[in-house]
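Visitor: So you can see what is in the structure, the chains are spelled out below.
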Amino acid sequence: MSNPYRKDFPLLNQKERSKPLIYLDNAATTQKPDAVLNAMEEYYKEYNANPYRGLYDISEKATEKYEEARRITAEFIHAKDSAEIIFTRNATESLNLIAYSFGRSFLKEGEEILIPISEHHSNLLPWQQLAREKKAVLNYLYLDESGNLSEEELEAKITEKTRIVAFAYVSNVLGTIYPVKEIVEKAHSVGAVTVVDCAQSIPHYPLDVEALGVDFAVFSGHKMLGPMGIGVLYGKKALLESMPPFLTGGEMIDFVSEQEATFAPLPQKFEAGTPNVGGAIGLMEAIAYIKDTGYDKIKAAEEELTAYALDRLRELSYVTIYGEKYLKENRSGVISFNVEGVHPHDVSSLLDADGVCIRAGHHCAQPLMHYMGVAATCRASFYFYNTKEDIDSFIESLKKVRRWLGIGN
Amino acid sequence: MGIENIYSDILREHANSNHNKHHLGHPTQTQRGINPSCGDEIELELELEDGIIKDASFVGSGCAISQASASIMVDLIKGKSIEEAKELAKTFTGMIKNEMKEEDLEVLEDAIALKDISHMPARVKCAVLGWHTLEESIKENQE
Numbered sequence: 123m124s125n126p127y128r129k130d131f132p133l134l135n136q137k138e139r140s141k142p143l144i145y146l147d148n149a150a151t152t153q154k155p156d157a158v159l160n161a162m163e164e165y166y167k168e169y170n171a172n173p174y175r176g177l178y179d180i181s182e183k184a185t186e187k188y189e190e191a192r193r194i195t196a197e198f199i200h201a202k203d204s205a206e207i208i209f210t211r212n213a214t215e216s217l218n219l220i221a222y223s224f225g226r227s228f229l230k231e232g233e234e235i236l237i238p239i240s241e242h243h244s245n246l247l248p249w250q251q252l253a254r255e256k257k258a259v260l261n262y263l264y265l266d267e268s269g270n271l272s273e274e275e276l277e278a279k280i281t282e283k284t285r286i287v288a289f290a291y292v293s294n295v296l297g298t299i300y301p302v303k304e305i306v307e308k309a310h311s312v313g314a315v316t317v318v319d320c321a322q323s324i325p326h327y328p329l330d331v332e333a334l335g336v337d338f339a340v341f342s343g344h345k346m347l348g349p350m351g352i353g354v355l356y357g358k359k360a361l362l363e364s365m366p367p368f369l370t371g372g373e374m375i376d377f378v379s380e381q382e383a384t385f386a387p388l389p390q391k392f393e394a395g396t397p398n399v400g401g402a403i404g405l406m407e408a409i410a411y412i413k414d415t416g417y418d419k420i421k422a423a424e425e426e427l428t429a430y431a432l433d434r435l436r437e438l439s440y441v442t443i444y445g446e447k448y449l450k451e452n453r454s455g456v457i458s459f460n461v462e463g464v465h466p467h468d469v470s471s472l473l474d475a476d477g478v479c480i481r482a483g484h485h486c487a488q489p490l491m492h493y494m495g496v497a498a499t500c501r502a503s504f505y506f507y508n509t510k511e512d513i514d515s516f517i518e519s520l521k522k523v524r525r526w527l528g529i530g531n
Numbered sequence: 040m041g042i043e044n045i046y047s048d049i050l051r052e053h054a055n056s057n058h059n060k061h062h063l064g065h066p067t068q069t070q071r072g073i074n075p076s077c078g079d080e081i082e083l084e085l086e087l088e089d090g091i092i093k094d095a096s097f098v099g100s101g102c103a104i105s106q107a108s109a110s111i112m113v114d115l116i117k118g119k120s121i122e123e124a125k126e127l128a129k130t131f132t133g134m135i136k137n138e139m140k141e142e143d144l145e146v147l148e149d150a151i152a153l154k155d156i157s158h159m160p161a162r163v164k165c166a167v168l169g170w171h172t173l174e175e176s177i178k179e180n181q182e
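In order, the protein sequences belong to chains Y and V. Start counting at 1 in the first sequence, then tack on 122, and there's your number in the numbering used here. Start counting at 1 in the second sequence, then tack on 39, and there's your number in the numbering used here.
Treat the hints as calculated values from the structure; they're not laboratory data. Be aware that one or more of the hints could be misleading.
Within a straight-line C-alpha distance of at most 20 Å, the following computed EDC-like cross-link-like pairs (lysine to aspartate or glutamate) qualify [stated by the list, open to error]:
(1) V:Lys117 with V:Asp149
(2) Y:Lys129 with Y:Glu168
(3) Y:Lys141 with V:Glu52
(4) V:Lys154 with Y:Glu425
(5) V:Lys164 with Y:Glu304
(6) Y:Lys421 with Y:Glu511
(7) Y:Lys510 with Y:Glu382
(8) V:Lys93 with V:Glu80
(9) V:Lys125 with V:Glu148
(10) Y:Lys522 with V:Glu142
(11) Y:Lys450 with Y:Glu233
(12) Y:Lys187 with Y:Glu163
(13) Y:Lys522 with V:Glu52
(14) V:Lys154 with V:Glu142
(15) Y:Lys419 with Y:Glu304
(16) V:Lys125 with V:Glu174
(17) Y:Lys521 with V:Asp149
(18) Y:Lys141 with Y:Glu518
(19) Y:Lys141 with V:Asp155
(20) Y:Lys522 with V:Glu126
(21) V:Lys60 with V:Glu43
(22) Y:Lys521 with V:Asp155
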């Protein structure tokens, strides 16, 4: 089967390799198309300069491109104003920015923060530490066996004291797609602010911050074909304006005297220091690639792969699948599983011998692992450039794992 | 390097055999060791008498490499003096770091089966977990 996208990804087309490359760790990071790599190379080779400061041609071009990336990003997620887009290092930094700047200014003792038990540590630890510092309460939304959140649970946990509701659009462990609009509406009904971690959703599904009504949304460039080191924080303008700076330093000031300072307006207020211009340009190209491909095509390709992988995994009696075991509307292409009698790290090392890259471990979600009663899981995650042949290789390699360890037949 | 150098018969035997996986009747030391990145966990029990490891065992859970390495170690240190056990631990970690001469490894007996783990940096912590736990356990016991 030919996949029309693979030719655009140099890493997937390396000829000289000692073993094949079956890359199924897309929830960790995605591969980069030539368009992204070329745009970044062009920047570094042709107009690399510090933006905003330089009163000369290439600095002006760097500034222009950096701001173009901001506009493109704003349009892409349907933000009203490009000043609502803050560039950060990654989703983690964006979440920390919200917890430090918004949380430490506005959260009061005894108020509640609510997050699902499935959250990645990046959307858990900033809130846990904030709650400890402010003597606030961190509450958890618990999930059913398939990883789904019930209406009753949401109803019971969102209270008059809830001030912040933070959650991932898609779980990085179970692949569950959460009902963002319903959660946001429920949170808003008690006056809580919503923070949506879109790191695992935006590579696969469109984001419309306006239609969803979210207050803050965050994501990383590298999980959506862009480079590492560039991330996005979207925040409603009124909220961002009410918040103090997170980091201070160059580029984010209006005027500085010996004892005080006034800060730049949005978005520069939150972008201290020389920004990642090359990263922003890479992200802009990644957005263009996703737009050209089309989310409908991406979704269709991934659904086919996910359904096929789930079918093949269910055939293996010694494999346990976590989360939904069949493709459903709320199931994305992240599959956590375990092989009976074999530790996930052994599974991953043995698959690597066949060139199959999957993730094994706690996936930065230790409270979820504890809740599910497992120490670790294996995780395969797909993107539109994967093929059914990739999944066949993965399954064939998986069949050998128990034999290697002398278990079963 | 072939994966068969790591997942060898010796490793398989130790990973699947529980002959060293139990509690001791009268342990003089119990030491817990964890590998936070993997969740490997062992508890090493030693019965020391006059500076000699009279008996040893472990309990725990984790990957085949961590559990087999701990089991091989327990076989090796039984009956050895604390000083000898310390030397073995040094030799083992030296082997994993690729710092030892081939001829100096003989004392490690079956533990030599884990030599090629040095080519799998992500799994080194699994292989040394038992040995680090041993070092912690006998370090505290020095008079």
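Visitor: Could you work out which earlier hints the structure fails to respect and list their numbers in ascending sequence?
Guide: 2, 3, 4, 5, 7, 8, 10, 11, 15, 17, 20, 21 and 22
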